[in-house]
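K.L.:
Below, each chain spelled out in residue letters.
4 protein chains.
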Amino acid sequence: MLGTNDTPFTIAGTTLGSRLVMGTGGAASLLALEDALVASGTELTTVAMRRVSRPRPSADPAAAGDPSVWGLLERLGIRALPNTAGCFSVREAVLTAQLAREACATNWVKLEVIADDVTLLPDVIGLVEAAKILVDDGFTVLPYTNDDPITARRLEDVGCAAVMPLGSPIGSGLGIANPRNIEAIAGAASVPVILDAGIGTASDAALAMELGCDGVLLATAVTRAADPVRMAHAMRLAVEAGHAAAGAGRPPRRERALASSPVGGLVAVGDNLDLAL
Amino acid sequence: MLGTNDTPFTIAGTTLGSRLVMGTGGAASLLALEDALVASGTELTTVAMRRVSRPRPSADPAAAGDPSVWGLLERLGIRALPNTAGCFSVREAVLTAQLAREACATNWVKLEVIADDVTLLPDVIGLVEAAKILVDDGFTVLPYTNDDPITARRLEDVGCAAVMPLGSPIGSGLGIANPRNIEAIAGAASVPVILDAGIGTASDAALAMELGCDGVLLATAVTRAADPVRMAHAMRLAVEAGHAAAGAGRPPRRERALASSPVGGLVAVGDNLDLAL
Amino acid sequence: MLGTNDTPFTIAGTTLGSRLVMGTGGAASLLALEDALVASGTELTTVAMRRVSRPRPSADPAAAGDPSVWGLLERLGIRALPNTAGCFSVREAVLTAQLAREACATNWVKLEVIADDVTLLPDVIGLVEAAKILVDDGFTVLPYTNDDPITARRLEDVGCAAVMPLGSPIGSGLGIANPRNIEAIAGAASVPVILDAGIGTASDAALAMELGCDGVLLATAVTRAADPVRMAHAMRLAVEAGHAAAGAGRPPRRERALASSPVGGLVAVGDNLDLAL
Amino acid sequence: MLGTNDTPFTIAGTTLGSRLVMGTGGAASLLALEDALVASGTELTTVAMRRVSRPRPSADPAAAGDPSVWGLLERLGIRALPNTAGCFSVREAVLTAQLAREACATNWVKLEVIADDVTLLPDVIGLVEAAKILVDDGFTVLPYTNDDPITARRLEDVGCAAVMPLGSPIGSGLGIANPRNIEAIAGAASVPVILDAGIGTASDAALAMELGCDGVLLATAVTRAADPVRMAHAMRLAVEAGHAAAGAGRPPRRERALASSPVGGLVAVGDNLDLAL
Chain P
1 MLGTNDTPFT
11 IAGTTLGSRL
21 VMGTGGAASL
31 LALEDALVAS
41 GTELTTVAMR
51 RVSRPRPSAD
61 PAAAGDPSVW
71 GLLERLGIRA
81 LPNTAGCFSV
91 REAVLTAQLA
101 REACATNWVK
111 LEVIADDVTL
121 LPDVIGLVEA
131 AKILVDDGFT
141 VLPYTNDDPI
151 TARRLEDVGC
161 AAVMPLGSPI
171 GSGLGIANPR
181 NIEAIAGAAS
191 VPVILDAGIG
201 TASDAALAME
211 LGCDGVLLAT
221 AVTRAADPVR
231 MAHAMRLAVE
241 AGHAAAGAGR
251 PPRRERALAS
261 SPVGGLVAVG
271 DNLDLAL
Chain R
1 MLGTNDTPFT
11 IAGTTLGSRL
21 VMGTGGAASL
31 LALEDALVAS
41 GTELTTVAMR
51 RVSRPRPSAD
61 PAAAGDPSVW
71 GLLERLGIRA
81 LPNTAGCFSV
91 REAVLTAQLA
101 REACATNWVK
111 LEVIADDVTL
121 LPDVIGLVEA
131 AKILVDDGFT
141 VLPYTNDDPI
151 TARRLEDVGC
161 AAVMPLGSPI
171 GSGLGIANPR
181 NIEAIAGAAS
191 VPVILDAGIG
201 TASDAALAME
211 LGCDGVLLAT
221 AVTRAADPVR
231 MAHAMRLAVE
241 AGHAAAGAGR
251 PPRRERALAS
261 SPVGGLVAVG
271 DNLDLAL
Chain C
1 MLGTNDTPFT
11 IAGTTLGSRL
21 VMGTGGAASL
31 LALEDALVAS
41 GTELTTVAMR
51 RVSRPRPSAD
61 PAAAGDPSVW
71 GLLERLGIRA
81 LPNTAGCFSV
91 REAVLTAQLA
101 REACATNWVK
111 LEVIADDVTL
121 LPDVIGLVEA
131 AKILVDDGFT
141 VLPYTNDDPI
151 TARRLEDVGC
161 AAVMPLGSPI
171 GSGLGIANPR
181 NIEAIAGAAS
191 VPVILDAGIG
201 TASDAALAME
211 LGCDGVLLAT
221 AVTRAADPVR
231 MAHAMRLAVE
241 AGHAAAGAGR
251 PPRRERALAS
261 SPVGGLVAVG
271 DNLDLAL
Chain U
1 MLGTNDTPFT
11 IAGTTLGSRL
21 VMGTGGAASL
31 LALEDALVAS
41 GTELTTVAMR
51 RVSRPRPSAD
61 PAAAGDPSVW
71 GLLERLGIRA
81 LPNTAGCFSV
91 REAVLTAQLA
101 REACATNWVK
111 LEVIADDVTL
121 LPDVIGLVEA
131 AKILVDDGFT
141 VLPYTNDDPI
151 TARRLEDVGC
161 AAVMPLGSPI
171 GSGLGIANPR
181 NIEAIAGAAS
191 VPVILDAGIG
201 TASDAALAME
211 LGCDGVLLAT
221 AVTRAADPVR
231 MAHAMRLAVE
241 AGHAAAGAGR
251 PPRRERALAS
261 SPVGGLVAVG
271 DNLDLAL
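Chains as they are written, first to last, in UniProt numbering: chain P, 1 to 277; chain R, 1 to 277; chain C, 1 to 277; chain U, 1 to 277.
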């Protein structure tokens, strides 16, 4: 499409047709989630692992009508990205990733090592350590991190396939608290940078792309909106808009006004008139 | 289209298919302008009046190959909105509007009464006065004003068909300096509110719509971009994205984090696994 | 004192020893107000006019122990600046100013022409008109205006002795919404510029001065603080701090880091050591 | 003084009379530095260690007229806080701290483990590691860190005597990029929090204190100002102002205006007049 997605969005050799990565948390129902995922155009969606007390009903959840996120994503042809949400230690995160790999038949993982259940901020020391272990174990690691450019570099150095800095805390909808940091991360990284957490509305997503991010990951901004489908559509457009704007080369900001229309040689009574370019 | 433009954008009884109003100032050439206008999807475009020394070449500029903005807009089927750019007094602005009406066969006018050629800020006292004169004279007046909610109300009170507050100074690209004021204007107006001036990139345009504006007017952000066509496309998407997001009802901002994925009942070794909603 | 108040703060020929102008609105009691005024160091304080149903108890309120703001200011030696708060038309404001002049024996007036009792924003068209009338009638006019640089210029042009732009709406405590506008007003004015309305805390007051204001006017930030005396003291220091910082010439902002300590030639084992400048 | 410094500012059992910690980098001369230090009122000042090629001229630098920062601080009675500026690894930082302890006869150290000489951002993984080593070695460690609340907690957990988060990059003067993070750090810490790096002007310093910091550390904002003495004075006042404001309990921000003066029962012709509280 003219002006958008002209450069492919590729993670670990896999090219995705959409720069919008969705999360599934917060959806009111599977049906509501399905409509929102379709409207978003996403091709990659995170899912949380959880313990279930009963066996899975069938070897092929989609065929069996299994009302799970997993079945839904399979049916929609959306790649699932298991995450380690709720893991508060390196050991927990690594173990969860390994179980997810087995259960989901993918070596991709959105790595979260969360410091505590109040701030939900990443524990960057544990994160780098867990990332290293998982990379060595053959995973394609997409770590959720804070907006520190140095930590982002470390994650890339240990072999992560992308870095996913937060804009602001999970679920806050506060947007991008420190745009300079995000711009610095995006400017320095040689792997894709995906803004993860804090997006509250479309302009936040557009801004993330304008700062140089390669993609945006969001969940509750869509799933908890009054009209999730409409917000999913808004986010799809916003990510494309921001990416196109980043590529279009905006004019520099100016502290002073600059006339766009000519201010000299203007209309006078009795003269012939034309319209100015 | 699902999720966008569901409510019509109507000015003085005329419904427009796009909420993006373009300006023509700053374009490198007529050809570049044409491509950008097409990519923007705009159906309303402002043009400045200027004095010309030679008569217009033909009664039908498009047919005659007249290399004018006027001819271009006619050919593209875009409604022309003459402006009074460069007018520094009520008298000048009124006269220019009247001449434009005659020359362009439209009673729509983007009214500018500019205080000086450095700040290019509106002279709101002259603006209200000129608006009253032109409304009484049968014009459909779309005034370029500052972001003062009270002046916006005055302009509506004297009969303007829309109010067009600035985000920041003309040509600055500084975005929306005072979002609360724009939100207050949009929330109180019963005529369309079009953000005019200051838009620098796509996220600015999306934000304007999220604040409740009915449309966005911009020129140099597109015409002076490195790739005007791509930026025009970005702006088109951004305006749709912001409008859809405004209609979708974003979740409220939260000062504290809120988990989107479940943080309790998580994976443990040896248990059956499923993916959490 | 070295570094502060080195240039006198003079309004209409009267030099004031403090750049902090206080308002009296919102105080819990006259006693609380007195303590706060003393702690603030102010030498100029606004008072609102109101109708009273009983005659004033004495010709000399201070001597008679009149529990009025007027008596308090007289006793403290603080100049009273009557305001026209609550006036919604030119006529009301002019009349109130004239009555205040008679009642208070001062031709200074803080001119307010308020658009409505919800926004409490100034009606700038009425404001300029009322200012002109009062200047012609011999008043020293200090108008409360919005942050529009053009309106500020108009107020100066009609002969106002100062201009007093808002930072944000009265009583909001939202600080300075549009610092560029305040800086533009302060940079262009040849009369004193006093930031009026919106100050919520000390850093707001310091910022106002750093943007080039000559003084700051505030009321509820002090009178409605949990500890008004301590906040008054904070504001006194903040205004001095901001004024000194403005005069001290801050280093320019830099998008990139710059080492303050030397990064080359550093310590190595076995070498002599010294401390670097 | 009433309203300021009412709670003592104590680091590792040592109470300081000023909450402004100064750096010495960037000063034009020792003489200029001396004047600025005196004007700042500081009682704690950081100094960088560097290698010198010649032996120190005397055992008692001050007596010998040694033109060193060390001698200056001794003469002024200001406690010296050696830093590890320019150290890019744990080993370098630990070694420098140990040498500084020997040279300066203090076990206090401002610990810096810098990631690279372009961003000058802290390497938080190395920082926590070095902090642990130095705490175990008996140091009183004051670490320069980023604005991540989790890293701040880790530094406190390993026994640091304070945490010193950046507002923005060293020498940038960009102020406090992420006030919510600073507020979160200050709200959670049980050791003193000192805002370190990024302060550009007085209002930045006041804001740091209002966000709950216990102190502010700055260098180039003063040493590179056009008038360092005046800026030092401004910073001294700003820190006191911000601290007093934080303690005074500002009124909550309000999205809507709130009259401070009464808007009802106002002046009418012929009535008795009084001044409203």
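You may find that some hints are simply not true.
With a cut-off of at most 20 Å between alpha-carbon atoms, the simulated SDA-like pairs for lysine to any residue come out as follows [to be verified]: (1) P:132 / P:157; (2) P:132 / U:129; (3) U:132 / U:119; (4) U:132 / P:157; (5) R:132 / R:175; (6) R:132 / C:43.
What the hints contain is simulated information worked out from the structure, not anything from laboratory work.
K.L.:
Look at each hint and say if it fits the structure.
P.N.:
Hint by hint, here is what the structure shows:
1. P:132 / P:157: Measuring from Cα to Cα gives roughly 9 Å; hence the hint holds.
2. P:132 / U:129: The given pair, whose Cα atoms are some 18 Å apart, holds under the 20 Å limit.
3. U:132 / U:119: violated (24 Å)
4. U:132 / P:157: This hinted pair is violated, its Cα atoms lying about 24 Å apart.
5. R:132 / R:175: Violated, because 29 Å separates the two Cα atoms, which is more than 20 Å.
6. R:132 / C:43: violated (44 Å)
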